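Asker: Sequence:
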Amino acid sequence: MLFLTLLIVVASYFIGSISSAILICKLLNLPDPRTQGSKNPGATNVLRLSNKPTAAAVLIFDVLKGAVPVYGAYLLGVEPLHIGFVGIAACLGHMYPYFFGFQGGKAVATALGALATISWGFGFLLIVTWVIVAKTTKYSSLAAIVTVSLAPLYCWLIKPMYTQSVTMLAIIIIFRHRDNISRLLSGQEDSLSKKAPETEKPHQD
Numbered sequence: 022m023l024f025l026t027l028l029i030v031v032a033s034y035f036i037g038s039i040s041s042a043i044l045i046c047k048l049l050n051l052p053d054p055r056t057q058g059s060k061n062p063g064a065t066n067v068l069r070l071s072n073k074p075t076a077a078a079v080l081i082f083d084v085l086k087g088a089v090p091v092y093g094a095y096l097l098g099v100e101p102l103h104i105g106f107v108g109i110a111a112c113l114g115h116m117y118p119y120f121f122g123f124q125g126g127k128a129v130a131t132a133l134g135a136l137a138t139i140s141w142g143f144g145f146l147l148i149v150t151w152v153i154v155a156k157t158t159k160y161s162s163l164a165a166i167v168t169v170s171l172a173p174l175y176c177w178l179i180k181p182m183y184t185q186s187v188t189m190l191a192i193i194i195i196f197r198h199r200d201n202i203s204r205l206l207s208g209q210e211d212s213l214s215k216k217a218p219e220t221e222k223p224h225q226d
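Quick note on my numbering: the sequence shown kicks off at 22 and runs consecutively.
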């Protein structure tokens, strides 16, 4: 079982390394999200650079990157703590993608996919928390930070056996947002409503 778990963890990292934001932007002749807008290859930045359907496609793919490996590990009987490592591997793949020079995103959607497989009720609480904070403050990063900070508490209330794994993942996500935290405190963080400057958008033929 340990060897199987290691294989799943490695596979999860490489699945996480497939950056849908970069690939979809390239397919649609949009700017590389690593160089434009917030320079984060994730759904929020793709929304700034394009439109809602494109951002939604990125979001769905990134959620699946976390959900599929974790749910697969669950079906194969991997123990809760090791399932946590599978989810962390997927998120690390998104943050530091092997296929894209280790320049990745914040892994919020991938983490959501990994966490939602624990319990649909748990996933619902995470989504509701993110939406409330994002709608209220207009800051995607703040919504992510608040949501993952509350994730261990939600998990302890619903599926306590996964609390340790969820806590480890939450710490990694918050650490990845350390620059966003600095910008939020200094009032320099971009809001959800801010679009990329016109000069950064692709030229229309």
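Simulated from the structure, these hints should not be mistaken for laboratory data.
Note that the structure is a prediction, hence the values are computed from the model and not measured.
Do not rely on the hints blindly, as some may be mistaken.
Using 25 Å as the maximum straight-line C-alpha spacing, the simulated BS3-like pairs for lysine-lysine come out as follows [claimed, not checked]:
#1 K73 - K159
#2 K60 - K156
#3 K47 - K73
#4 K159 - K60
#5 K156 - K73
#6 K73 - K60
#7 K159 - K180
Asker: Take the hints in turn and mark each one as holding or not.
Answerer: Taking the hints in turn, this is what the structure says about them:
Taken as a hint, the K73 and K159 pair is honoured in the structure, with Cα atoms around 16 Å apart against an allowance of 25 Å. With a CA separation close to 22 Å, the supplied pair K60 and K156 stays within the 25 Å bound. For the given pair, K47 sits about 17 Å from K73 by alpha-carbon distance, which is consistent with the 25 Å threshold. For the suggested pair K159 and K60, the alpha carbons sit about 18 Å apart, so the restraint of at most 25 Å is met.
Our distance criterion of 25 Å between C-alpha atoms is met by K156 and K73, whose separation comes to about 16 Å. Distance hint between K73 and K60 is fulfilled; the C-alpha atoms sit about 18 Å from each other, no more than 25 Å. Simply put, K159 and K180 have alpha-carbon atoms about 30 Å apart, too far for the 25 Å limit, and the pair is violated.
In summary, the structure is inconsistent with hint 7 from the numbered list given earlier, while agreeing with all the others.
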